[in-house]
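Quick note, the sequences are listed as chains C and X, same order. Residue 1 is where the first sequence starts when you use the working numbering, and the numbers rise one by one after that. Residue 1 is where the second sequence starts when you use the working numbering, and the numbers rise one by one after that.
Some clues are possibly wrong.
[As the list claims (entries may be wrong)] Pairs of lysine-lysine, BS3-like flavour, derived with a Cα cap of 30 Å:
hint: 1; chain 1: C; residue 1: 77; chain 2: X; residue 2: 114
hint: 2; chain 1: X; residue 1: 174; chain 2: C; residue 2: 144
hint: 3; chain 1: X; residue 1: 180; chain 2: C; residue 2: 144
hint: 4; chain 1: X; residue 1: 57; chain 2: C; residue 2: 89
hint: 5; chain 1: C; residue 1: 33; chain 2: C; residue 2: 77
hint: 6; chain 1: C; residue 1: 89; chain 2: C; residue 2: 144
hint: 7; chain 1: X; residue 1: 442; chain 2: X; residue 2: 459
hint: 8; chain 1: X; residue 1: 442; chain 2: C; residue 2: 148
hint: 9; chain 1: X; residue 1: 57; chain 2: C; residue 2: 33
hint: 10; chain 1: X; residue 1: 450; chain 2: C; residue 2: 77
hint: 11; chain 1: X; residue 1: 180; chain 2: X; residue 2: 434
hint: 12; chain 1: C; residue 1: 148; chain 2: X; residue 2: 434
hint: 13; chain 1: C; residue 1: 68; chain 2: X; residue 2: 459
hint: 14; chain 1: X; residue 1: 442; chain 2: X; residue 2: 349
hint: 15; chain 1: C; residue 1: 140; chain 2: X; residue 2: 114
hint: 16; chain 1: X; residue 1: 442; chain 2: X; residue 2: 174
hint: 17; chain 1: X; residue 1: 434; chain 2: X; residue 2: 450
hint: 18; chain 1: X; residue 1: 180; chain 2: C; residue 2: 77
hint: 19; chain 1: C; residue 1: 77; chain 2: C; residue 2: 89
hint: 20; chain 1: C; residue 1: 33; chain 2: X; residue 2: 180
hint: 21; chain 1: X; residue 1: 434; chain 2: C; residue 2: 89
hint: 22; chain 1: X; residue 1: 250; chain 2: C; residue 2: 140
hint: 23; chain 1: X; residue 1: 459; chain 2: C; residue 2: 140
[As the list claims (entries may be wrong)] Stretches of chain C that chain X covers, calculated by requiring three or more beta carbons in the stretch to come under 8 Å of a beta carbon on chain X:
hint: 24; stretch: 13 to 23
hint: 25; stretch: 78 to 87
hint: 26; stretch: 101 to 114
hint: 27; stretch: 120 to 132
hint: 28; stretch: 140 to 152
I should point out that these hints are in silico values taken from the structure, not numbers from a laboratory. Beta carbons: idealized from backbone N, C-alpha and C, even for Gly.
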Amino acid sequence: MSAILERFTNELLPGNGHWPSASEIQVSSTMQKFAERDSQQQVMLAQLLDFLEMHNETAAVAAALEMKDPDLFSFAKVLAFEAYYTSPKVRDVIAQRSRYANRPPQPAGFQVVPHAVTPWNQDAILWRSDGTERSEIVLKMQQKDPNKTWTVEEIRQWQP
Amino acid sequence: MTVLHDEVNVLVVGAGAAGAAFTWRLASLGVEVTCLEQGEWQRPESSLTALKNWESKRISERSPNPNIRRNPADYPILDDTSIIKPAIYNGVGGSTILWSAHTPRFRPSDFRVKSLDGVGADWPITYWDLAEYYEINDEIMGTSGLHGDPGNPPRAPRTTPPVPLGIAGSRIAKALNELKWHWWPSDGNILTQDRGSRRACNGCGPCEMGCATGARASVDITYWPEALALGAELRTGATVRRVLSDAAGKATGVEWVDITGQEHITHANIVVMAGNGIGTPRILLNSASKEHPRGIGNSSDQLGRNLMLHPIPVVTGVFDEDVESWSGNDAFALLIQEFYENDDTRDFKRGYEMQVTRGQGPLVTALGGFSLDVPWGTDHHDVFEQYFGRVATVAVTCEDLPHPNNKVTIDSTVTDRFGIPAARMWYELEENSKRMITHGVKSATDLLLKAGARETYAKPFAPAAGFHLMGTARMGNDPRESFVDQACRSHDVPNLLVIDGSVFASAAAVNPTPTLQAVALRAADLLREDALV
Ligand SMILES: Cc1cc2nc3c(=O)[nH]c(=O)nc-3n(C[C@H](O)[C@H](O)[C@H](O)COP(=O)(O)OP(=O)(O)OC[C@H]3O[C@@H](n4cnc5c(N)ncnc54)[C@H](O)[C@@H]3O)c2cc1C
Numbered sequence: 001m002s003a004i005l006e007r008f009t010n011e012l013l014p015g016n017g018h019w020p021s022a023s024e025i026q027v028s029s030t031m032q033k034f035a036e037r038d039s040q041q042q043v044m045l046a047q048l049l050d051f052l053e054m055h056n057e058t059a060a061v062a063a064a065l066e067m068k069d070p071d072l073f074s075f076a077k078v079l080a081f082e083a084y085y086t087s088p089k090v091r092d093v094i095a096q097r098s099r100y101a102n103r104p105p106q107p108a109g110f111q112v113v114p115h116a117v118t119p120w121n122q123d124a125i126l127w128r129s130d131g132t133e134r135s136e137i138v139l140k141m142q143q144k145d146p147n148k149t150w151t152v153e154e155i156r157q158w159q160p
Numbered sequence: 001m002t003v004l005h006d007e008v009n010v011l012v013v014g015a016g017a018a019g020a021a022f023t024w025r026l027a028s029l030g031v032e033v034t035c036l037e038q039g040e041w042q043r044p045e046s047s048l049t050a051l052k053n054w055e056s057k058r059i060s061e062r063s064p065n066p067n068i069r070r071n072p073a074d075y076p077i078l079d080d081t082s083i084i085k086p087a088i089y090n091g092v093g094g095s096t097i098l099w100s101a102h103t104p105r106f107r108p109s110d111f112r113v114k115s116l117d118g119v120g121a122d123w124p125i126t127y128w129d130l131a132e133y134y135e136i137n138d139e140i141m142g143t144s145g146l147h148g149d150p151g152n153p154p155r156a157p158r159t160t161p162p163v164p165l166g167i168a169g170s171r172i173a174k175a176l177n178e179l180k181w182h183w184w185p186s187d188g189n190i191l192t193q194d195r196g197s198r199r200a201c202n203g204c205g206p207c208e209m210g211c212a213t214g215a216r217a218s219v220d221i222t223y224w225p226e227a228l229a230l231g232a233e234l235r236t237g238a239t240v241r242r243v244l245s246d247a248a249g250k251a252t253g254v255e256w257v258d259i260t261g262q263e264h265i266t267h268a269n270i271v272v273m274a275g276n277g278i279g280t281p282r283i284l285l286n287s288a289s290k291e292h293p294r295g296i297g298n299s300s301d302q303l304g305r306n307l308m309l310h311p312i313p314v315v316t317g318v319f320d321e322d323v324e325s326w327s328g329n330d331a332f333a334l335l336i337q338e339f340y341e342n343d344d345t346r347d348f349k350r351g352y353e354m355q356v357t358r359g360q361g362p363l364v365t366a367l368g369g370f371s372l373d374v375p376w377g378t379d380h381h382d383v384f385e386q387y388f389g390r391v392a393t394v395a396v397t398c399e400d401l402p403h404p405n406n407k408v409t410i411d412s413t414v415t416d417r418f419g420i421p422a423a424r425m426w427y428e429l430e431e432n433s434k435r436m437i438t439h440g441v442k443s444a445t446d447l448l449l450k451a452g453a454r455e456t457y458a459k460p461f462a463p464a465a466g467f468h469l470m471g472t473a474r475m476g477n478d479p480r481e482s483f484v485d486q487a488c489r490s491h492d493v494p495n496l497l498v499i500d501g502s503v504f505a506s507a508a509a510v511n512p513t514p515t516l517q518a519v520a521l522r523a524a525d526l527l528r529e530d531a532l533v
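Pulled out of the complex, with its shape left as it was, chain C reads as follows (with noise of 0.2 Å):
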C-alpha cells in the first residue's frame, strides 16, 4: 500500500540535485497520519489508495488521476504538498536556497523595509461630491488647505 502511495508522491515532488524527493522525506506516511486528523479526509485517502491500487500498472498515475478525478487528485496535492513543505529537512534547503529562516513566524516576526517613498500627488483631491452642500464644502476646505490636521471634533459637525 505504502509503496504505490510513494510512487504517486514521487510522481508530484521528484526531487533534484538540492531538493529531496517525496520518499526520501517519507511524505506518503506523514500524509496518513495528516489524514487521521479527519474523517472526511480518511474516507478520501481511502479512495486515493483505491484508485492507485487499480491503476498499479499505469506508469503516469499522477496525471491519469488529474484527469480522472480531479477533486481526488487536488485532495492528493495538497495533503502530499503539505506533508513535503511542513518537512524541517525541505524548510532547510529553503533556508539555504532563499533569505527565508527556518522557524515560525512567531515571536521573532520578520524585518520589513521601511516606508521610504512619498506618493506624488499629496495635494490633488481626487474624491468627487455626492453632491451634497456637506460635500462641497469639504472639498473646498481641503482643496484651501489639504495638509490641515483634523480634529474628531471638527469632523463631528459635518453630521447633516
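Keeping the supplied structure of chain C fixed, place chain X with the ligand upon it in accordance with the hints.
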C-alpha cells in the same frame, strides 16, 4: 425537554465586528445589552503562528472557509451555486479573528450610486452621517496610516504610522509615482507602535491566522473587553435558531440552543441581528411565521437578495531577485484609487481599487499563492524557487452591483449540529463586473511590469475570497425595495434591527468593515436618541 426562559432588554445576535461595536456603544450609553454568540472566545495562545506546523494549520483549522474548517461552531454554507466561496469565522470576534484588517472607507459617492451614476441603489444616509462614527471606530480599533490621503475626505490623525511598504511595495510605489496614478499607504487596524497591551506589528506575515502580538485588531481584544467592563453581557456557545414574533408581527425575542443541546427562549424588547451577510439572512429566513410567511420582516422579498461580494481579480508579479515577500503583514501595504470613481468613457459603471499585497509562506506558495501556477512533477522545484520570496500581488477590489438573483437562501436538506437549515449562496458575475475585471487586470499587470516584474500571472477572480458579505437585508427609504430603514430598523418589524454588512445598499470598491462598524455605532446612538431603549 424543558425550554429555559429569561428576559433581557436589548438582545444582539453575533459577537463579530458589528455586534461588538453596537454592544459597546449601547453599553457606554448605559443601556442593558446582551449578546448571544454561537462560537467561543479565541484565547491569545490559540494564535498558531509560533508552531512549527503553522502552515498546516493555515489550510485546515484556520481555513477561512467554514466548509473546510468545520469547527463545532461552524454552520454549513452550500456553495456549489456560487463561483465565490464563503470566508468567515464563527466565535467571539467573528470574522475579525481571521481578517487582514485593511480599513479603507467608502467615499461619499459610494452612498449615492443610483443618483450619480444610474446603477444599483442609493443609501438613505450619506458619508457625512457616518464620518464621526468612522473616527470613533478608528480610535477603538487602533488605526495605522498616513494623514492626508487626497483620494478621500479628511480624517483625524491616525493612531500610528503606516505599515512598512517592504521591498516590492516600495518598487510599486515608485512605479506609481512614474505613472502618476493615485496611491497612498493603506489605513489598517494594525498597530505599528505599542499601545496598551497590544504590541507593535513585527511583520510576521500571516495575519489571517490570528495575531499573536495583538498588533492586528480583532474585536475580541478591542471592543469586547471595554463593552464587558461597561456591564454588557456576552453569552458564548449560544446558537440562535430563530427570531420569535407575536400575533401583531412584533419581535418578542429569540429561540436558541446552548452547546449541551439545552433549548432556551430569551425574551427581549429589541432584537438586533449581527450574524453577517450570510448568518443574518439565514436566521431571519428561518424565522417565518403566520404573520411573516417569507421570513420575519420580509414582505418586500428583499431578504437574502442583492448579495454583493466584490469580485477580486488578482495579478501576481514575479521579480528576478528576492523581495522577501514572506515578510510583513501579508494582505496590504498600499492602495491605489486611480480607477475608483465612475468614468463614462469606460465600458463599465463605477470602479475599482487596487490593493498591493505581499507573498506567502512556502506551502501556500507551492499551492499557487494568490494566482500562480506551480506545476507538480519534474519542473516543480525549479518553478517554486523562481517564485518563493520573489512575488507581489495586486488585488483588484471591483465594485459589485446588487442583483436579486445573487442571494442567500436556506436549504433544510442540510443542517448544522442543532438541525438549523444550512445557508446557500447563489452568486454569478454580472456583465459590468466582467468588463471591470478586464480593465482591472490590465491596470494591475501594467503596474507590476512597470515596477520591474519579469512576468505576471492573473486570475479573473479569487474564488476563495467570499469575505465581503453585503446587501442581503439592505437599507432604503422604500419598504418595497429594502429591508431596513436608515436607522437599521426593519420596515415591517420596528423592534428588529439588522446592523451588519447585510444592510449595505451598495458595495463600493473597498473592504467593508470600518463602514459596517460605523453603521452599527450609529444605529446604537439612534436607538437611544429615539428613546427606544
Ligand atoms: C480571511 C478574511 C480576511 C478579511 N480581510 C478584511 C479586510 O482586510 N478588511 C475588511 O474590511 N474586512 C475584511 N474581512 C471581512 C471582515 O472580517 C467582515 O467584514 C466583518 O468581520 C463582518 O462583521 P460582522 O459583524 O458582520 O460579521 P462577523 O464578524 O462574521 O460576525 C458574525 C458573528 O455572528 C455569529 N453568528 C452567526 N449566526 C449566529 C447564530 N445563529 N447564533 C449565534 N451567533 C451567530 C458568528 O458566529 C460570528 O461570530 C476579512 C474576512 C476574512 C474571513
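* Hint check against the structure, violated hint numbers in rising order -> 1, 6, 8, 10, 12, 18, 20, 21, 22 and 23
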